[in-house]
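Residue numbers (my numbering), protein chains in the order written: chain X, 6 to 360; chain S, 6 to 360.
Any given hint could turn out to be false.
Which copy is meant is left open, because identical chains are indistinguishable; a pair holds if it fits in one copy or across any two.
The calculated DSS-like cross-link candidates involving lysine-lysine, where the alpha carbons are at most 30 angstroms apart (straight line), are [to be verified]:
1) K258 <-> K29
2) K234 <-> K327
3) K49 <-> K312
4) K33 <-> K327
5) K9 <-> K33
6) K49 <-> K327
Derived from the structure by calculation, the hints contain no laboratory data.
There are 2 protein chains.
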Amino acid sequence: MQRKINFNAGPSELPPEVLHEASKAVRKYNNTGLSILELPHRSKDFLDIIEESKGLIRELCGIGAEYEVLWLHGGGRMQFCMIPMNFLPEGGTAGYIDSGHWANEALVYATSYGNAVALASSKDDNYSHLPVWPATQPKGLAYVHFTTNNTIAGTQWHTIPKSKAPLIADMSSDIFSQKHDYSKYSMFYAAAQKNLGVAGVGLAVIHKDMLKHVAREMPPMLSYKAQVKEDSILNTSNVFGVYVSLLMLRWIKERGIDTIEAENKQKAKLLYDAIDSSSVFTAHVKEKAHRSLMNVCFTANTPELEKLFLALCEDRDITGIKGHRSVGGFRASIYNAVPLESVERLVELMTGFKG
Amino acid sequence: MQRKINFNAGPSELPPEVLHEASKAVRKYNNTGLSILELPHRSKDFLDIIEESKGLIRELCGIGAEYEVLWLHGGGRMQFCMIPMNFLPEGGTAGYIDSGHWANEALVYATSYGNAVALASSKDDNYSHLPVWPATQPKGLAYVHFTTNNTIAGTQWHTIPKSKAPLIADMSSDIFSQKHDYSKYSMFYAAAQKNLGVAGVGLAVIHKDMLKHVAREMPPMLSYKAQVKEDSILNTSNVFGVYVSLLMLRWIKERGIDTIEAENKQKAKLLYDAIDSSSVFTAHVKEKAHRSLMNVCFTANTPELEKLFLALCEDRDITGIKGHRSVGGFRASIYNAVPLESVERLVELMTGFKG
Chain X
6 MQRKINFNAG PSELPPEVLH EASKAVRKYN NTGLSILELP HRSKDFLDII EESKGLIREL
66 CGIGAEYEVL WLHGGGRMQF CMIPMNFLPE GGTAGYIDSG HWANEALVYA TSYGNAVALA
126 SSKDDNYSHL PVWPATQPKG LAYVHFTTNN TIAGTQWHTI PKSKAPLIAD MSSDIFSQKH
186 DYSKYSMFYA AAQKNLGVAG VGLAVIHKDM LKHVAREMPP MLSYKAQVKE DSILNTSNVF
246 GVYVSLLMLR WIKERGIDTI EAENKQKAKL LYDAIDSSSV FTAHVKEKAH RSLMNVCFTA
306 NTPELEKLFL ALCEDRDITG IKGHRSVGGF RASIYNAVPL ESVERLVELM TGFKG
Chain S
6 MQRKINFNAG PSELPPEVLH EASKAVRKYN NTGLSILELP HRSKDFLDII EESKGLIREL
66 CGIGAEYEVL WLHGGGRMQF CMIPMNFLPE GGTAGYIDSG HWANEALVYA TSYGNAVALA
126 SSKDDNYSHL PVWPATQPKG LAYVHFTTNN TIAGTQWHTI PKSKAPLIAD MSSDIFSQKH
186 DYSKYSMFYA AAQKNLGVAG VGLAVIHKDM LKHVAREMPP MLSYKAQVKE DSILNTSNVF
246 GVYVSLLMLR WIKERGIDTI EAENKQKAKL LYDAIDSSSV FTAHVKEKAH RSLMNVCFTA
306 NTPELEKLFL ALCEDRDITG IKGHRSVGGF RASIYNAVPL ESVERLVELM TGFKG
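Extracted from the complex, chain X is given alone in its bound form (with noise of 0.2 angstroms):
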């Protein structure tokens, strides 16, 4: 069978170069006479995958010595965890923007460890825009927490709003997508399997001042402060796992940022301009400047044309164009590795379709 029409949300799309590059490795990794599988992680090879990955985030996102790069076990909700667990104190309060299905559960994840207090919510509206940015914080927030793309409503923060308190992001969808001026966070982090690898693995990026206090006693794999010391091979790594995100990072370098973020402009724009001409179809986020570039949201006037759509996407071989089940309709995700032809594909169809 072909390689399907891929709009998937996370997992999602890889590029071909890093499949074929991946699966070489799962066979054979280099010169080793070891499949990437059966790689020790305190191997000299693998340390060296560790250092270039790091260089390359480093790189990447325009950031010196003075952030630690981890690698780390279990994706975005292991972070909603630990990020509460090193930094909120027991009686402290820390700030979560609540501007969707993610980021609310970030929230609901720290209040297992202190007071976790919503500053700006959307929730009311099903999160169908971005909530405004508070203007003043309450004093004393250990931290603000917020979710620079929201997966499932198709809402993108375009510009980085301001904090007194560290800004924490989660960039776990729209990380190297486009010019971004890291260096404004406190700490950012993203699972992999959406523009970065495959699921089981989460890259946390974290300003060496935050690692000053922890904020209860844990135990050492759930320490940032820990893993830094052993540079992310405190345990068994996710060798795999990181060797794909290597591949990824270096296919992002190769293309650069500058024309990644053309490329994902130019398939938004098609779609978004596509859905907002259509007498069919309406998209989910009516506020322009909040629309994401990564996961485009949107609605047919019916039940049944929904239904009639998506047996025809499905017959043209296009997977993942669901929505997820609380915003209902259609839901393409068009993250770095997907096309502009398959956009262009989709597009067809939607112009075509009358029902």
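Go by the hints and put chain S onto chain X.
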């Protein structure tokens, strides 16, 4: 380069047929039109992988629906965190059998959550024998934790000791290596990268009775109960890692535990016999009844001889033979996937080695 003769302790050798299937799936998974790396964790194809793997685990362990089977992120150390978090209430006490480096680490991790006491220890002897299992236990223990095979020192419990409190077994390095009465446990678990697949994924099998009480409030990601409710896809699973474990389970089933056990015993006997009859090498574990079938640790008469033998191994494409720094000398990890021929090659080299 030819495949190396691989005695690594983990990540360790995988069967060629598993590597072949995994490599193929990275290019294209069955007739999904996607790579296994792109497969959504909520797709029917992945749910089938979860179901088949759970079925095989129940079948190979001879257990039924009274046990919950979970695939979790992060290997053994994540379980060192989650076990006390879930089962050891503040003020409660858990017993740990301190029989090795990892057994001790599990104990230390638990002290972040409650009282964790060593019921027996062989630490004074650098864990080169198994401690005597305590004839009596303090009353009211939340659970007793032990490690069935001690990877670093090379000892193994060949019968399952008795416990009044619920018994929890870390089987990371000997699961599915021989017939075993898994029904004796309230929980058993394993990091996958030794006998069961690749790094980044952990198997936890928990008796339903253990899930009736929760020791403390915690985010769902860290809660066994919440993970059970979501059938291992509470968050984005390590799809590839779970798939490789399924390939391993199929491989184990096809060979049969009886055959695997016979081969493992043959490999271990060959190696221990060579050591015991050698004038150059000495076994780390003197007590034959305590010796591990999985990790065979030995030293040479002098540091010079050890250097020479290590160089000889490297020259003959034998890798992963160096002992852990806490024990020194050599360690041959001869898990299920290490073929008899590898052990024969090593023994040949040892027998001919005079320094």
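A quick look at each hint next to the structure:
For the identical chains of this complex, K258 and K29 are neighbours both inside a copy (21 angstroms) and across copies (27 angstroms), given an alpha-carbon limit of 30 angstroms. When the C-alpha separation of K234 and K327 is checked against a cutoff of 30 angstroms, the pair qualifies only between copies, where the shortest distance is 24 angstroms, while the shortest distance within a copy is 43 angstroms. For a Cα distance limit of 30 angstroms, the shortest separation of K49 from K312 across copies, 19 angstroms, qualifies, whereas the shortest one inside one copy, 53 angstroms, does not. In this assembly of identical chains, K33 and K327 lie within 30 angstroms of each other by CA distance solely across copies; the values are 22 angstroms between and 37 angstroms within a copy.
Taking CA atoms no more than 30 angstroms apart as the test, K9 paired with K33 passes in both settings, with 27 angstroms inside one copy and 11 angstroms between copies. When the C-alpha separation of K49 and K327 is checked against a cutoff of 30 angstroms, the pair qualifies only between copies, where the shortest distance is 15 angstroms, while the shortest distance within a copy is 44 angstroms.
Going down the numbered hints, you'll see the structure goes against none, and every one checks out.
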